[in-house]
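Chains as they are written, first to last, in the working numbering: chain W, 1 to 469; chain F, 470 to 752.
Just so you know, the hints here were simulated from the structure itself, not pulled from any lab data. There's no promise every hint is true.
Said to hold, decoys possible - Once the Cα atoms are required to be at most 25 Å apart in a straight line, the calculated DSS-like pairs of lysine-lysine come out as:
| id | chain 1 | residue 1 | chain 2 | residue 2 |
| --- | --- | --- | --- | --- |
| 1 | F | K641 | F | K569 |
| 2 | W | K200 | W | K189 |
| 3 | F | K569 | F | K477 |
| 4 | F | K545 | W | K408 |
| 5 | W | K67 | W | K107 |
| 6 | W | K161 | W | K141 |
| 7 | W | K107 | W | K133 |
| 8 | F | K545 | W | K265 |
| 9 | F | K605 | F | K477 |
| 10 | W | K277 | W | K189 |
| 11 | W | K45 | W | K6 |
| 12 | W | K65 | W | K45 |
| 13 | F | K476 | W | K408 |
| 14 | F | K498 | W | K412 |
| 15 | W | K355 | F | K663 |
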Amino acid sequence: MAINPKKHEMPSQEPLVRAHNFNEVALGYTAEIAVEEAQRCLNCKNRPCVQGCPVNIAIPDFISKMKTGDFEGAYQIISQSSALPAVCGRVCPQESQCESKCTLGIKFEPVGIGRLERFAADWHNEHSTEAPKMPEPNGHKVAIVGAGPSGLTCAGDLARKGYKVSIFEALHTAGGVLVYGIPEFRLPKAIVAKEVEGLKALGVDVETNVVIGKTLTIDELFEDGYEAVFVGSGAGLPNFMNIPGESYKGVYSANEFLTRSNLMKAYKDDPVTPIMKGGKVAVVGGGNVAMDAARTALRLGAEHVYIVYRRSMEELPARKEEVEHAIEEGIDFRLLQNPVEVLGYNNPENPRDPKNGFVTGLRCIKMELGEPDAKGRRRPVPIPGSEFVLDVDTVVIAIGTSPNPLIKSTTKGLEVNSHGGIIVNEEGLTSRQGVYAGGDAVTGAATVISAMGAGKVAAKGIDEYLMGK
Amino acid sequence: MYQILRKKELNPTVTQMEIVAPLVARKAKPGQFIILRVNEEGERIPLTVAGTNPAEGTVKIIFQIVGGTTALLNAKKEGEYIQDFVGPLGVATHTDGIKKVCIVGGGVGCAIAMPVAQEFHRLGAEVTSIIGFRSKDLLILEDEFRACSDRLVVMTDDGSYARHGNVTVPLKEMLEAGETFDMIITIGPLIMMKFVTLAAKPFGVPVTVSMNPIMIDGTGMCGGCRLTLIQDGKRVTKFACVDGPDFNGYEVDFDEAMSRGRMYFDFERHAYEETCNLLKGGN
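The task is simple: from the sequences and hints, build the whole structure.
This is the structure we're talking about:
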């Protein structure tokens, strides 16, 4: 049988329909498509895809199960390596990881590994009724700070080894960026909740409303009998551009805009947490978070949404698939443009005018790409005299975050780098004995799967440390 | 879930509750705040801690009924539960080296000023308290302030109780009479804190203000609570949730903070009316 050169398309909501709802964009393979796609896998000997996966899922093995329609068997193989298969199948940048290494991809399109992973996980969640086997307790207690991707992964790996794991989460819901950051239309919150339930079924405790560094310190966790701590406290304070007008009403950080919509459910019809809806919106930045913010704004009812990015399409750091989705939905990409000032309304006649202080526009300057910088990326340079104004009501700034200071400032002997990221060795160990860290708290803003990879590394490090004690 | 152990109406628009939250009670210091959600679908609102009882495991909060969430919270009865209660957040009020302090509180801000005054009193500092209210009906915590202050001045804007006028009047008189303080700490409406700062400026007395901007997570993640400080002529962005809520009054851009505070004014008023109608309907 000849191999289909293309991977099977992901069934999706029509762009102009989905641009007005918060339901998931990608609908998932059917069982028939999943089996057909699985059959494209060559099951090659050197298995390069496994090396491309930050958590080293036995990809050809799970795909072999899928070829025969054994979806539960496929899920079981994935879950040996990944604590969050339904999440990863949706948000991993497979095109630059497993799928980029696929042997089939040399000649044709690679196997749709991510789509198959998603199918297996969804199939399991829908059909499996079997409770997971509770691991034999090994008598050791580990604390995890933050219930985001790195913390959940670390917790899952340790719980499966028999550790008594408690996760401490600052917010009222577990999931971290999976619930406050990534929108419903890309990752339904019910899926995150289901994955967290799965961990609880393994005996993991999740304590919400506990801010480590404030409610309890890391030293107190040790006093309470925890023998090791993993810090996965995530991204911190949002960066702003430091241009005039950033305090006008209608300027949001992407973190705030997305948190209001996702975690606080401001996207609902009659929300209790307010958000600015409608009008014209400019999102500044070119990463996945910028794409999420722009597409959220559109779904909240914006008439027009711009992405303002200072480099060109080629340098845009967001996943290709997300950029394509955004373009299909009608997001207006303004490339090689950079904001210089946020404009606001000021009525000099009436200081009590209710419109005072609200955003009216974003002054930008056109850019061109100059000489490559140290990293080889061509540096954007402003073109003198090219300033212009985008007429907008809302500006969302999605240009990254700086690590949260809470833990560093309350934990003696925890070393951080010049950017405020916690310093760890290759096992995830920090400068404090028994304290491990990973995810955005270490690297600054990165991907869900890299955080999960770090959680996995730290779980191994913690296991070796406590078993060697 | 967090139980409301005791509830007391301080005046028709201000309520005091003691919430069972042992971990917060053990840690909270004057000047810090908590974030709560009343129910599963509720919004997160910050409230400054008005006192703690670590032995009992309770945290005291005092709030004014101004919007949908505070109306909903006020509808909860003693013995009932609220969904979420997290803290203590923010940096505690600095007390080091302050031997003589003037606490200036306005309206419901007095609820936050009270534990600060009590803390200075406990540390042996000389405490002058000036507390102001719009009218006699809105007066709260007079006895509590009297108990922890070496000198107490009560003001009402309309003259319906104690001295007539706003809080800057007695403050100016004291400063003009040559009185000095190591620190003036002012907590209340932004406009009041701005004018307290302006009143103190000619005398060079340091002023600490307690900012209470719109917040969501309260842990240094969303950036919604940002405010601008003017330091050496430069505008610097700070976050009230992790850098504050206390700031140097001379550096705060009050006008910007006042404008940002009104961002959801229409939404809030609508939510308040909706909630009140809903609560009335339920009775």
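Going down the list of hints, with the structure as the test:
For the proposed pair K641(F) and K569(F), the alpha carbon gap of about 16 Å is at most 25 Å, so the pair holds. Distance check on the hinted pair: K200(W) and K189(W) sit about 17 Å apart at the alpha-carbon level, within 25 Å; holds. In summary, the hint linking K569(F) to K477(F) is not supported, as the alpha carbons are separated by about 32 Å, beyond the 25 Å threshold. Restraint check for K545(F) and K408(W): not satisfied, since their Cα atoms lie roughly 38 Å apart, outside the 25 Å limit.
Taking the CA atoms of K67(W) and K107(W), the gap is about 21 Å. The hint holds against a cut of 25 Å. Annotation: proposed proximity of K161(W) to K141(W) holds, straight-line Cα distance about 12 Å (limit 25 Å). Of the pairs offered as hints, the one joining K107(W) and K133(W) is violated, with about 42 Å between alpha carbons and a cut-off of 25 Å exceeded. For the given pair, K545(F) sits about 23 Å from K265(W) by alpha-carbon distance, which is consistent with the 25 Å threshold.
About 18 Å separates the Cα atoms of K605(F) and K477(F), which keeps this hinted pair within 25 Å; it holds. Under the criterion of a C-alpha separation no larger than 25 Å, the hint pairing K277(W) with K189(W) is consistent with the structure, at around 21 Å. Restraint check: the Cα-Cα separation between K45(W) and K6(W) comes to about 22 Å, which is no more than 25 Å; the hinted pair holds. With a C-alpha separation of about 17 Å, the suggested pairing of K65(W) with K45(W) holds against the 25 Å cut-off.
This hinted pair does not check out: K476(F) and K408(W) have alpha carbons roughly 37 Å apart, beyond 25 Å. Between the alpha carbons of K498(F) and K412(W) the distance comes to roughly 21 Å, so the proposed pair stays at or under 25 Å and holds. Distance restraint check for K355(W) and K663(F): the Cα-Cα separation of roughly 22 Å lies within the 25 Å cut-off, and the hinted pair is therefore satisfied.
The earlier numbered hints that this structure contradicts are 3, 4, 7 and 13.
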